[in-house]
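Novice: Quick note: the sequence shown, position 83, residue 83 per the numbering used here, numbers continuous.
Treat the hints as calculated values from the structure; they're not laboratory data.
Honestly, I wouldn't trust all of these hints.
Taking CB as the label site, the calculated pair distances span [claimed, not checked]:
hint, residue 1, residue 2, range
1, Asn77, Arg138, 29 to 35 Å
2, Arg85, Gly116, 19 to 25 Å
3, Pro99, Ala67, 25 to 31 Å
4, Ala101, Ala67, 17 to 23 Å
5, Arg66, Leu112, 19 to 25 Å
6, Ala126, Arg81, 37 to 43 Å
7, Ala126, Gln79, 35 to 41 Å
8, Asp68, Asp131, 19 to 25 Å
9, Pro62, Leu112, 17 to 23 Å
10, Gly116, Asn59, 34 to 40 Å
11, Met120, Gly80, 22 to 28 Å
12, Arg66, Gly116, 26 to 32 Å
13, Thr108, Ala76, 17 to 23 Å
14, Arg113, Gly80, 27 to 33 Å
Just so it is clear, CB atoms sit at the ideal spot from N, CA and C, and this is done for glycine as well.
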Amino acid sequence: MRGLLLIACLAAAPAVAQDGAPPPAGATQGAVPVAPGTSRGAVPVAPQSDASGVAGRLNDYPTEARADYVFACMAANGQGRDVLRRCACSIDEIAAILPYAEYVEAETVLSLRLTGGERMAVFNSAVAANDMVAALRRAQAEAEMICF
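Start from the sequences and build out the full structure, keeping to the hints where you can.
Specialist: Structural data, given as structure tokens:
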């Protein structure tokens, strides 16, 4: 982890000539190319929408939700770098299939089903709740087929 942080810091540091003077304006020797429309260190994002609206949905999941999913996925599948990549791929695929609002609703139903009791019994038998969970399960199954 420390090595990655060091590399990131070095990549962000401005280039300095042998004599300690900064490089002339416009010098690109050793510089990392920057995509048009982004600044150094910025990550380009997918287009906000297209004809089907799918591309805009790719980024409607907040980072915290993606991280929670990846942590839970890694807890279930292992702690290796390969598992991290596969779990990140999985949440990306789910995000491409299911809008975030529907994901939250289905996750809420699943967590309420774990609670139990009379008040939560409606979430075990309601057709709408079952449809939400089924949509999430289908998205998870498709993501698993693609990423794992």
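Novice: Could you run down the list of hints and mark each one as holding or not?
Specialist: Hint check:
The hinted window of 29 to 35 Å between Asn77 and Arg138 is violated, with their beta carbons roughly 20 Å apart. Distance hint for Arg85 and Gly116: a CB-CB separation of about 36 Å, inconsistent with the stated range 19 to 25 Å. For the hinted restraint 25 to 31 Å between Pro99 and Ala67, the CB-CB distance of approximately 19 Å leaves it violated. Between Ala101 and Ala67, the C-beta spacing of about 19 Å keeps the proposed range 17 to 23 Å intact.
The beta-carbon spacing between Arg66 and Leu112, approximately 22 Å, falls within the hinted interval of 19 to 25 Å. Evaluation of the 37 to 43 Å hint for Ala126 and Arg81 yields a pass: the beta carbon distance comes to about 41 Å. The beta-carbon spacing between Ala126 and Gln79, approximately 37 Å, falls within the hinted interval of 35 to 41 Å. In this structure the hint that Asp68 and Asp131 lie 19 to 25 Å apart at CB holds, the actual value being about 23 Å.
Distance hint check: the CB atoms of Pro62 and Leu112 are about 21 Å apart, consistent with the given range 17 to 23 Å. A beta carbon spacing of about 36 Å between Gly116 and Asn59 agrees with the range 34 to 40 Å that was offered as a hint. Range check, Met120 to Gly80: about 36 Å between beta-carbon atoms, so the 22 to 28 Å window is missed. About 29 Å separates the C-beta atoms of Arg66 and Gly116, a value consistent with the hinted range of 26 to 32 Å.
Between Thr108 and Ala76, the C-beta spacing of about 20 Å keeps the proposed range 17 to 23 Å intact. Separated by about 31 Å at the C-beta atoms, Arg113 and Gly80 satisfy the suggested range of 27 to 33 Å.
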